[in-house]
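Listed in order, the protein sequences are those of chains A, B, C, D and E.
For the first sequence, this note's numbering begins at 1 and goes up steadily by one.
For the second sequence, this note's numbering begins at 1001 and goes up steadily by one.
For the third sequence, this note's numbering begins at 2001 and goes up steadily by one.
For the fourth sequence, this note's numbering begins at 3001 and goes up steadily by one.
For the fifth sequence, this note's numbering begins at 4001 and goes up steadily by one.
No wet-lab data here; the hints were simulated from the structure.
Small disclaimer: the values here were computed from a predicted structure and weren't measured.
Mixed in with the good hints, there may be bad ones.
Stated by the list, open to error - Quick list of the computed label-pair ranges, beta carbon to beta carbon:
| no. | chain 1 | residue 1 | chain 2 | residue 2 | range |
| --- | --- | --- | --- | --- | --- |
| 1 | D | R3115 | E | D4019 | 46 to 54 Å |
| 2 | A | V173 | C | K2073 | 50 to 58 Å |
| 3 | A | I104 | C | A2080 | 48 to 56 Å |
Said to hold, decoys possible - Once the Cα atoms are required to be at most 35 Å apart in a straight line, the calculated DSBU-like pairs of lysine-lysine come out as:
| no. | chain 1 | residue 1 | chain 2 | residue 2 |
| --- | --- | --- | --- | --- |
| 4 | B | K1100 | C | K2073 |
| 5 | C | K2073 | C | K2203 |
| 6 | B | K1100 | C | K2203 |
| 7 | B | K1100 | C | K2077 |
| 8 | C | K2077 | C | K2203 |
We put the beta carbon where it would ideally sit given N, CA and C, even for glycine.
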Amino acid sequence: MPAVVGTLFVVVPLAALVAQVEWSDFWGLITSESSLSALALSLRTSAVSALVCVLLGVPMALVLARTRFPGQAVLRSLVLLPMVLPPVVGGLALLYTFGKRGLIGETFEVVGEEVAFSTLAVVMAQVFVSMPFLVVSLEGALRVAGERYEVVAASLGARPTTVLLRVTLPLAVPGLISGAVLAFARSLGEFGATITFAGSREGVTRTLPLEIYLQRFDDPDAAIALSLVLVVVAVLVIGLTRQRSGAL
Amino acid sequence: MPAVVGTLFVVVPLAALVAQVEWSDFWGLITSESSLSALALSLRTSAVSALVCVLLGVPMALVLARTRFPGQAVLRSLVLLPMVLPPVVGGLALLYTFGKRGLIGETFEVVGEEVAFSTLAVVMAQVFVSMPFLVVSLEGALRVAGERYEVVAASLGARPTTVLLRVTLPLAVPGLISGAVLAFARSLGEFGATITFAGSREGVTRTLPLEIYLQRFDDPDAAIALSLVLVVVAVLVIGLTRQRSGAL
Amino acid sequence: GGDDDGDGSSGDGTTLTVYAAASLTSTFEELAERFEADHEGVDVVLEFGGSSDLVEQIINGADADVFASADTKNMDKLTAEDLQGQDPQDFATNTLEIAVPPGNPAGVTSLQDLAGDLDLVICAPEVPCGAATQTVAEAASITLDPASEEQSVTDVLGKITSGQGDAGLVYVTDVIAAGDTVEGIEFPESADAVNTYPIATVKDGDAGDLAQEWVDLVLGPDGQQVLSAAGFGAP
Amino acid sequence: MSLSVSFTVAERDVEVSLDVAAGETVALLGPNGAGKSTVLNVVAGLLRPDRGRVELAGRTLTSVGRPGRRVDVAPHRRRVALLAQEPLLFPHLSALDNVAFGPRSAGVGRAAARRRAQELLDEVGIGELGDRRPRQVSGGQAQRAAVARALAADPDLLLLDEPMAALDIAVAPALRQTLRRVLAERTCVVVTHDVLDALLLADRVLVLDGGRVVEAGASRDVLTRPRSAFAARLAGLNLVVGRWRDGAVTLDDGGAVAGQGVGEAPADGAPAIAVFRPTAVAVYPEAPHGSPRNVVPVVIEQVEPLGDLVRVRAGDLGADVTPQAAAELELVPGARGFFVVKATEVEVYGA
Amino acid sequence: MSLSVSFTVAERDVEVSLDVAAGETVALLGPNGAGKSTVLNVVAGLLRPDRGRVELAGRTLTSVGRPGRRVDVAPHRRRVALLAQEPLLFPHLSALDNVAFGPRSAGVGRAAARRRAQELLDEVGIGELGDRRPRQVSGGQAQRAAVARALAADPDLLLLDEPMAALDIAVAPALRQTLRRVLAERTCVVVTHDVLDALLLADRVLVLDGGRVVEAGASRDVLTRPRSAFAARLAGLNLVVGRWRDGAVTLDDGGAVAGQGVGEAPADGAPAIAVFRPTAVAVYPEAPHGSPRNVVPVVIEQVEPLGDLVRVRAGDLGADVTPQAAAELELVPGARGFFVVKATEVEVYGA
Ligand SMILES: Nc1ncnc2c1ncn2[C@@H]1O[C@H](COP(=O)(O)OP(=O)(O)OP(=O)(O)O)[C@@H](O)[C@H]1O
Ligand SMILES: Nc1ncnc2c1ncn2[C@@H]1O[C@H](COP(=O)(O)OP(=O)(O)OP(=O)(O)O)[C@@H](O)[C@H]1O
Ligand SMILES: [Mg+2]
Ligand SMILES: [Mg+2]
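Using the sequences and the accompanying hints, generate a full structural model.
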C-alpha cells in the first residue's frame, strides 16, 4: 500500500504535466531552433560533465573508501556538500572562485576571462553539483564490494594499479555506472548554479532547464513540452543503462 | 592527483564562500528573526520530509528490489525522474496536480484549498524531489545485501513480515540511513519546487534556501551567512549519522 | 504537514496578504510598516517574486488579497481569469539604466558603448525587462551582442555586482536598491521603454476592505513618495 | 511429509529422480560437481529446473515443463529448511539469536526459544559463544552454529549440504551422534563426503555422478556392497548388528564383535552396530593367538578382485587382502579360515 | 624466505610464536576455534595483533606494541599469498583467468599465464571448467580452483587454510600429491584437520589449542608420539622410511613393509614412506601364518594407557590394543612378540 501511495505521489504529478501539453503544437514547440539548440547543449555538457565526474570522482571515492586519515569524515562531508547547498549558492561559490573577481579568476586573469559566460562554465557548474552523486554511489559500491578480493589479489602478487584496474574497478562497475548515470541526470536537470555562474546565452550556456525556465514566462506550453523532452531523455538514459548493466 | 583536483574543485569554492563572509555582522545576520524562522522551518519540514520519504520510500524500494513484474524498468525510471527534473518543473507538476485547478485539487476542493502555499505544500515539494534519493540508496543496499539471508530465514519458517522486519530491513539499515540522510539533505537544500508550489511566505513556506535566494543580491552578506548555516547543519547531520552508523 | 496558522488566520480579517513583484521589495516593506501602524492588529504579509510566478500562484489558488505586478502582461493574466476584485490601476513606472561594476572597468558611458567589445548582460526578450531592452536597442538602432540573456533583473544585477559582466541593463530602482555594489549610468533612450506597474485587489480575498485600503495607500501621496524615493516614476 | 522429486537442469546436465518417505533420511553421495547441491537447491526452490516436479507431503512445490498448471512455490512457502554449503549466519544477530530464529518464527516465546537455542548450541559444542556475532567466530564454529540453527527450525523437510564440513575431528563424532538423534524422525536429505555420515544418519543412500543417479538403495546395502565405482571407492564396510554387552556387539547366535564405542556408549543390552573396514580384516587359515579380540570362523564364499586387492567374502563380511596373500593362503570359495579384526579397528554405534 | 611470528590477539585470547625456515612447510593443527585462522590472518596482515612481530625473509611486516618503530605493512606489499577458508574466487573472472591472475600480475605474458593456469586446473581435476564463472561451479570445484590460483602465484610465503576442505574423497589423495610436490621448495603454513595432510605436506607440525601452541616439532615426532591431548587423538601414526622395492618399503637393514601405494607410485628404488595407524597393528606372541603381509619381530619397550586402549611401543613402532588383550598376552616391557599389520592398512607415499 505505501508503495502504491509513494509511486502515485511521483507518477500522478508527472501525468498532470503530460495532461497540460497541447499535443497539436507539441512537435513544433520542441523542434524550434532554440529548443533544439538547448537540448543539444544540455546533452553535450551533461555528457562531458558526467565524464569529468568519473575522472575526478573515481579517485575521490577510492580515497574515501580505501584509505583512512584524520579529517576524513570532514572531507567526506565537504565533498557531499554541493548536494545540499541550494544550487544558486553553489553558483555563487563558483563565481567567487572562478569569476573575474573571484579567488582564482582574479589571480589568473586568463582563467577568469576564459571561464566567464562560456560553455566551460556550464560544465563546471554541472560538475560541481553532480560530483557528490558519483562519489556517494561509487563509494557505497566500493564499501559493499569490500576489500576481500583486493587483499586476495594483492597477496597473489598484484601491484596496486593492477589490483585497481583488474579487481577493484571491475567489481565496482555497477556502482560506477549508476553513479555516472546519476551524475548525468543531475547535470541534465541543473539550473540554479548554471544561471548564477554561467549565465544564459542561446547555444553557449542556455541549457534545456534554462530554456524551460525562460519559456515559462512567455509560453508555458513550450516550457511543459520541453520538460517532457527532458523527462523522456532522462528515462531513456536511466532505462538503457539499467538494461545494459543491470546496475543502478 | 585527480582525487586532489576533484577535492579542490569542491572545497575551494566553499572556502571562497567562507572568505566572503563579513564575520563582524555574521551573528547578527543569522540570528535575525526572519533567518531564524527560516532555519526552524527548514529543519522542521526537512525532518518531516525525510520521515515521509522513509515511510513511502521503503516499500517502494522493496518492491523495486524484491519483485519482478512487467513494466518495472519503466516504473523505476519514473520514480527516479524527480531527481533529473529541474525542481521548478517538479513544482509546476505538483501545482497541476494538487493546486486549486489541478487534477486532484479541482476534484477534491478541500485538497486544493488546503494544500497549495501551506507548510504541507513545502513538505510535499521536498518529498517529491527527495524520494528518489532514498529509493535509489535503499534499493542499492537491498540488491547488494541480496536475498540469500532472506531465503535462509524463510526456509527456517519465517513469515514474509518476519523476514522483512527481522532480516531484510536490519541488513539494509546502512542503506536506509544513508538514504534518509540524503533525503534530509536534499530537502534542506530544496528551492525550485518549493517556491513554485508552496510560494514564499515567512514562517509558513519560506525555508532557508528561499530566504537565501531572496537575500542573494539584495543582501549578499546575509545570503552567504545563511548558506554557511545551511552548510554547517548539513555537515553536522551527515557527519553525525556517519559516525553513529558507519553508514552512507 | 506543519502548522497552518499562517494562512489559516487570514480568515479572521486581521491579515492582509500582498503579492508583489520582487522589485517592490523595499518600498512595500516600508509601506507595510506604515499600514500596520495605521491599522491596529492588522498583519501585512508580503510575498515577493517574479510577477509571472506570482500570478501563476494566484491562479492556482494562493491566498492573495492584493497583486502588484511589474508589468501589464502578467496583470492581464489575472484579469483573463477574472480574478481581479477592482480593475487594475497603474501606480508606478520604471525605466532602464546601465549598471556597471564599481569603478566601471570597461569605461561605459552611453548606450552605444554597449555594442562594443565587452561582456554585456541583459534580460532575455521573454521577460519584461528584456522586452524593454529590445525596445531601447531598436530605438537607438544598435545591435546588442550580449554575453548572457538572463531571466530576471536580479540575475543581471548579480552578474554585475560580482564583476562577471562588464555592463548590464536593469531598472533604475534596481540600481538604487543595489547601493554601492554597482554604478548606474542613465541614458536618454530609456524613455522609449517605460515599464508600467499595475495593482489590483484579488477577487474573493479574505481581507475585505483592507485590500482596497492597501491599494489606496500605494496610489496615495504616502505611497507615491516612498516609490519615487526608490527611483520609481509616477504612473 | 514424503518427498518426491524428479527434474532436469539442462545447463548443469543434472537429471535426477528421488523419493524420500516420511520420516526417512536419505544421503546424497558423489564426487565434486556431481549435482548434489543442485538437487537440494531445486527442492528448496532456489533453482528452477528446466522441467520437473517437486512434491512434499502431497503439496506440489514445483511443476515446470509438464502438463498442467505451472507451479513454482516461493522458497519461504515451502516449509523446507536448507543448510547450505556456506553457513550464512545472519550477520546482525548473535549466534544464539541465529539459532533461536526458527523457533521464534514458529511463534515460540522469546525465553523458550532462547532456551532451546542454548541447548542446541551446547549440543554442537559452542554453548559459550551464544552472544558472539557470526564474524566473531571461527569457520568451524560458524558451521556448528548453522547446523544448530537448521535443527532448531521445524520444517517439513530438512536439507543439509555437508553439515560436517570444516569441523575438527574431535567434534565430528559427537555432532554426528546429535544429528543422528535429531534426524531419526525427520524427513531429511543430507549431502556428505563421509561414508560414516551416510551410514549412521541415513536410511537410504543415493550416489550421484555426472548429474545422474548411479546407485541407490538402503545405506547398508550400498555401503557394504557398492556397485558404482564411486561408492566402491569410499565404502565396502563391514557391519555387524546386535546388542551391546560387555564391550562387544553380541549377536543372537552368541557370536560377538568387540569394538570401541564412538560417542555416547549404548546402554548395556541396547541395540548396537559394529562397523569395520574390510582392509582391517586379516584372514588366517588357523585361529591365531594374539592381541586381536575378534576371531571369526568362516567359510569363504566368494573371492573377487577389487582394484589392486582381492576381496574375500564370507557371509555378510568381507576382507580385503593382497593378491599375494590370497594366493599364498589359497583363499578360494569353500575354503575354511578365520577372519581376524582388532577391537581397535571396530567402531561401535548405538543403533 | 624464513618466517618468524610472535603475537598476541587479546580479544580472541590467541598468543602464538612460530618460526618457519626458508623452504619449510609447517602444518597448523587444532580444534575449531583454536586460533589457526587467526595466525594466518595476522601473518597475511588482515588482522592487526595487539602486540607482536611478523618477519619474513628479514623484512619486518608487522611490529606493534614493541620497542622501536611501529610497522604494519599493507597486505598487498607482504608478498604473502593466503588461501582463506572461503575460496573467494574473483566473481568477474573465469576460473582460468582467476588462476592466471597471479602469473599475469608477476608479468608473465597472457598466453603463457593461461597455459600455466590450464596446467594447474588440469592438475586439480577441473581442467574442463576453465571458462566458467565462479558462481557456475560447485562448492568443491570452487575450492579446487582456489587452490590452483594460490599455487599459480609465486609469493614468498604461502598460507593455506584448509586447502582440502569440501573436496570429495576421490580427488583428495591426488590433490594432496600435487600440493606435496608444489610445496616441497616453498615456505608455507598450512592449516588442516587431516593428519595425513600434516604428515605428507609438512616438515613440522604445530598443534594449537585454546589460542596457545600446545605442541610443536617435526611432523613425524608429533604424529608418531603426540604429547598433547588433541594430537594424540588424531595422530600416533607409525612411519617407516625406506626405499620402494617390489611393492614394499624396504629398510636398509633388509626389513620391509608391504603396503598400498597412494597417488603416483614411487619409482622402484626411490625413497618411500609407509604409514599405518597403531590401531591397525596386531600383536602376537608367536609369528602367525595368515593373510597379513607384515610380521615384524619386536621386543616391547613400553606399555602405556592411551584413553580406553593400551599403546605398546617397540622401537619406532606402536600398536594400540585393548587392555584385555594386553593382559591376556602379558605384554610388558622386555617381552618378545610380533607386530602384525596388513598391507592393506599400510599407505605408501613417495618421500
Ligand atoms: N550456475 C551454474 N551454471 C552452470 N553450471 C553450474 C552452475 N553451478 C554449478 N554448475 C555445475 O553443475 C554441476 C553440479 O554442481 P553442484 O553444485 O550440484 O555439485 P555438487 O555435487 O554439490 O558438488 P560439490 O561436492 O563440489 O559441492 C557441476 O558440474 C557444476 O560445475
Ligand atoms: N572477530 C572476532 N572477534 C572475537 N573473537 C573471534 C573473532 N574471530 C574469531 N574469534 C575467536 O577466536 C578464536 C580463534 O578463531 P580462529 O578463526 O583462529 O579459529 P580456527 O582455529 O581457525 O578454527 P576453525 O577450525 O573453526 O577454522 C575462536 O575462539 C573464535 O571464536
Ligand atoms: Mg555442493
Ligand atoms: Mg579457521
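Hint numbers not upheld by this structure, sorted from lowest to highest: none
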